[in-house]
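A.B. asks: As you go down the protein sequences, you meet chains X and B in turn. Per our numbering, residue 1 is the first one in the first sequence, and the count goes up by one each step. Per our numbering, residue 1 is the first one in the second sequence, and the count goes up by one each step.
Derived by calculation from the structure, the hints in this document are not laboratory data. There's no promise every hint is true.
Since the list gives no way to pick one copy over another, a pair counts as held whenever it fits inside one copy or between any two copies.
Calculated pairs, EDC-like style, for lysine to aspartate or glutamate (alpha carbon to alpha carbon, straight line, at most 20 Å) [claimed, not checked]: (1) K249 - D210; (2) K249 - E170; (3) K28 - D8; (4) K149 - D185; (5) K20 - E112; (6) K249 - E30; (7) K249 - E25; (8) K184 - D138; (9) K28 - E15; (10) K249 - D208; (11) K119 - D104; (12) K33 - D185; (13) K149 - D181; (14) K159 - E42; (15) K159 - D133; (16) K149 - D182; (17) K249 - D23.
Number of protein chains: 2
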Amino acid sequence: MVGVVGEDFPKEYVELFRSKNVDVEGLKTEAGKTFAWHGEYELNMNNRRTLSVELNVFETFQPELPASYRSTPYVLLANIAPSLQSHVLSQIESPRFIIADTMDLWIQIANEDLRKLIKQVDMLILNDSEARDFTGQDNVIRAGHEILKMGPRYVVIKKGEHGAILFGQEGYFLAPAFPLDDVKDPTGAGDCFAGGLIGTLAAENRHDFDTLKKAVIHGTVVASFNVEAFSMGKLKAINSEQIAGRTGKMREYASF
Amino acid sequence: MVGVVGEDFPKEYVELFRSKNVDVEGLKTEAGKTFAWHGEYELNMNNRRTLSVELNVFETFQPELPASYRSTPYVLLANIAPSLQSHVLSQIESPRFIIADTMDLWIQIANEDLRKLIKQVDMLILNDSEARDFTGQDNVIRAGHEILKMGPRYVVIKKGEHGAILFGQEGYFLAPAFPLDDVKDPTGAGDCFAGGLIGTLAAENRHDFDTLKKAVIHGTVVASFNVEAFSMGKLKAINSEQIAGRTGKMREYASF
Numbered sequence: 001m002v003g004v005v006g007e008d009f010p011k012e013y014v015e016l017f018r019s020k021n022v023d024v025e026g027l028k029t030e031a032g033k034t035f036a037w038h039g040e041y042e043l044n045m046n047n048r049r050t051l052s053v054e055l056n057v058f059e060t061f062q063p064e065l066p067a068s069y070r071s072t073p074y075v076l077l078a079n080i081a082p083s084l085q086s087h088v089l090s091q092i093e094s095p096r097f098i099i100a101d102t103m104d105l106w107i108q109i110a111n112e113d114l115r116k117l118i119k120q121v122d123m124l125i126l127n128d129s130e131a132r133d134f135t136g137q138d139n140v141i142r143a144g145h146e147i148l149k150m151g152p153r154y155v156v157i158k159k160g161e162h163g164a165i166l167f168g169q170e171g172y173f174l175a176p177a178f179p180l181d182d183v184k185d186p187t188g189a190g191d192c193f194a195g196g197l198i199g200t201l202a203a204e205n206r207h208d209f210d211t212l213k214k215a216v217i218h219g220t221v222v223a224s225f226n227v228e229a230f231s232m233g234k235l236k237a238i239n240s241e242q243i244a245g246r247t248g249k250m251r252e253y254a255s256f
Numbered sequence: 001m002v003g004v005v006g007e008d009f010p011k012e013y014v015e016l017f018r019s020k021n022v023d024v025e026g027l028k029t030e031a032g033k034t035f036a037w038h039g040e041y042e043l044n045m046n047n048r049r050t051l052s053v054e055l056n057v058f059e060t061f062q063p064e065l066p067a068s069y070r071s072t073p074y075v076l077l078a079n080i081a082p083s084l085q086s087h088v089l090s091q092i093e094s095p096r097f098i099i100a101d102t103m104d105l106w107i108q109i110a111n112e113d114l115r116k117l118i119k120q121v122d123m124l125i126l127n128d129s130e131a132r133d134f135t136g137q138d139n140v141i142r143a144g145h146e147i148l149k150m151g152p153r154y155v156v157i158k159k160g161e162h163g164a165i166l167f168g169q170e171g172y173f174l175a176p177a178f179p180l181d182d183v184k185d186p187t188g189a190g191d192c193f194a195g196g197l198i199g200t201l202a203a204e205n206r207h208d209f210d211t212l213k214k215a216v217i218h219g220t221v222v223a224s225f226n227v228e229a230f231s232m233g234k235l236k237a238i239n240s241e242q243i244a245g246r247t248g249k250m251r252e253y254a255s256f
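With the hints as extra help, turn the sequences into a complete structure.
C.D. replies: Dropping the structure here:
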């Protein structure tokens with residue numbers, strides 16, 4: 001984990017990461033306040049509107065990797081400005097598999113940087129409306145193929161409650177979402193998805209298409225817990241047995 | 001097949017059905033014009049707007065089943081007024097599995113009739129926006145469970161390009177749509193889906209949950225061909241090998 005928080009950031013969250021064996025050496029605390037976002041979701045939970053963004057300590061953040069991070073083989077470039085994602089990537093010695101996440105903002109204000117970045121990554125993750133914006137294609141399948149032509153070997157288009165589609169030379173993987181009858185808050189679902197995905201590749205130390213499918217399902221399951229409560233409410237309470245339980249359910253619900 | 005057309009209906013379509021071994025004894029031709037619908041689809045191909053409906057010979061149609069139809073074990077009550085669907089059903093001697101299709105119009109103007117009908121059927125098929133309207137639930141998973149409580153043993157909620165969800169006491173089946181990069185016209189996709197579904201049950205002469213899953217996939221594949229051209233353009237040209245080919249692809253794209 002590489003990131004920055006302000007002095008107001010609750011210590012208990014850093015402790016939570018430590019208790020889950022997350023290496024927080026790359027997490028800096030700077031004078032000032034933590035980045036904050038406020039938004040509103042529509043009833044369908046897929047569309048959201050930003051009400052306010054305060055960059056705070058994030059405004060001048062230049063991610064520098066601790067020496068121990070530089071040999072990391074599996075890299076997730078989480079959603080920040082593409083130029084910063086490139087800066088992080090340049091510090092990694094010999095990455096084996098690189099995933100970049102992005103969002104509508106960078107498609108609009110840093111399109112060239114984003115196009116440069118994705119030539120260097122193995123997988124781009126974005127949601128369906130972003131894929132449409134990025135390519136100008138209304139058809140999501142066509143949008144996925146167009147992004148593949150821009151450089152990355154794989155593309156994952158997320159569709160919220162409708163699941164996700166993995167695109168590659170090997171074909172497609174059409175992953176459903178885990179069925180939930182009570183979605184409380186989708187904030188952070190995309191981060192859980194991408195984190196669960198790269199986590200599977202790192203744990204298995206492989207990135208063939210079958211492992212990528214497994215990784216997409218794992219990301220889906222982690223995200224499904226996240227959306228059931230506000231903040232870390234549900235996520236901090238779950239264990240690997242519960243994740244395995246939902247993964248088994250996914251297999252049951254998707255097989256024929 | 002039970003239905004009515006006007007004198008303007010092209011004979012070649014009736015011959016097409018005959019050439020595919022569809023029994024057209026129940027298809028009547030009456031003096032006047034055939035039912036006609038004109039509509040417009042939004043870019044996402046999921047939302048449509050009716051521009052005009054002419055009932056024509058359909059206005060006074062009372063479906064009467066030929067004697068040879070009355071012992072049919074597998075029944076699809078295609079999308080007409082629920083009172084007419086009930087009238088058809090009352091003529092079947094000992095149905096083994098009954099599916100009813102419906103649409104937003106009947107949910108709005110014949111809600112009580114529809115609620116009565118679905119107590120007598122094994123499965124209701126409707127799309128996601130209709131399921132929301134019918135139950136008042138924004139969450140599709142919750143909507144499916146509410147409809148199950150109204151009587152049918154199974155519910156299928158169709159989500160267009162996002163696939164379909166089968167609900168039953170046995171759990172869920174989360175079926176993806178077949179990935180297409182060029183959708184020409186979704187008109188009739190729902191009928192193809194429901195027809196393909198009941199066709200599988202009739203061909204296999206069983207309706208356990210695994211067969212229902214297979215049937216949902218078959219309906220999905222048939223519908224995928226239909227949307228690739230206007231009218232019967234693609235549908236009349238395909239054969240069972242092409243259907244089997246896409247079914248195999250579906251299995252490949254959905255398995256993990």
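A.B. asks: Decide, hint by hint, whether the structure agrees.
C.D. replies: Against the structure, the hints:
With identical chains, the CA atoms of K249 and D210 are at most 20 Å apart both within one copy (18 Å) and between copies (15 Å). Proximity of K249 to E170 under the C-alpha cut-off of 20 Å is restricted to the inter-copy arrangement: shortest distance 12 Å between copies versus 25 Å within a copy. Taking the shortest alpha-carbon separations for K28 and D8, only the intra-copy value of 13 Å comes in at or below 20 Å, while the best inter-copy value is 76 Å. For a Cα distance limit of 20 Å, the shortest separation of K149 from D185 qualifies neither inside one copy, at 34 Å, nor across copies, at 27 Å.
For the homomeric pair K20 and E112, neither the shortest alpha-carbon distance inside one copy (37 Å) nor that between copies (54 Å) is at most 20 Å. For a Cα distance limit of 20 Å, the shortest separation of K249 from E30 qualifies neither inside one copy, at 43 Å, nor across copies, at 52 Å. In this assembly of identical chains, K249 and E25 lie within 20 Å of each other by CA distance neither inside one copy nor across copies; the values are 36 Å within and 45 Å between. Taking the closest pair of Cα atoms, K184 and D138 come within 20 Å of each other only across two copies (13 Å); inside a single copy the shortest separation is 29 Å, beyond that limit.
Only within a single protomer do K28 and E15 lie at most 20 Å apart by alpha-carbon distance; the minimum there is 14 Å, versus 75 Å between protomers. Taking identical chains as interchangeable, the C-alpha atoms of K249 and D208 lie at most 20 Å apart only when they sit on different chains, with a minimum of 19 Å there against 23 Å within one chain. Taking the shortest Cα distances, K119 and D104 sit within 20 Å of each other inside one copy (18 Å), while across copies they are farther apart (46 Å). For a Cα distance limit of 20 Å, the shortest separation of K33 from D185 qualifies neither inside one copy, at 24 Å, nor across copies, at 53 Å.
Within a single copy, K149 and D181 get their C-alpha atoms only as close as 37 Å, which misses the 20 Å cut-off; across copies the closest is 15 Å, which meets it. Taking identical chains as interchangeable, the C-alpha atoms of K159 and E42 lie at most 20 Å apart whether they share a chain (15 Å) or sit on different chains (19 Å). Within a single copy, K159 and D133 get their C-alpha atoms as close as 14 Å, which meets the 20 Å cut-off; across copies the closest is 22 Å, which misses it. Taking the shortest alpha-carbon separations for K149 and D182, only the inter-copy value of 18 Å comes in at or below 20 Å, while the best intra-copy value is 38 Å.
Within a single copy, K249 and D23 get their C-alpha atoms no closer than 31 Å, and across copies no closer than 41 Å, so neither meets the 20 Å cut-off.
In summary, the numbered hints that this structure violates are 4, 5, 6, 7, 12 and 17.
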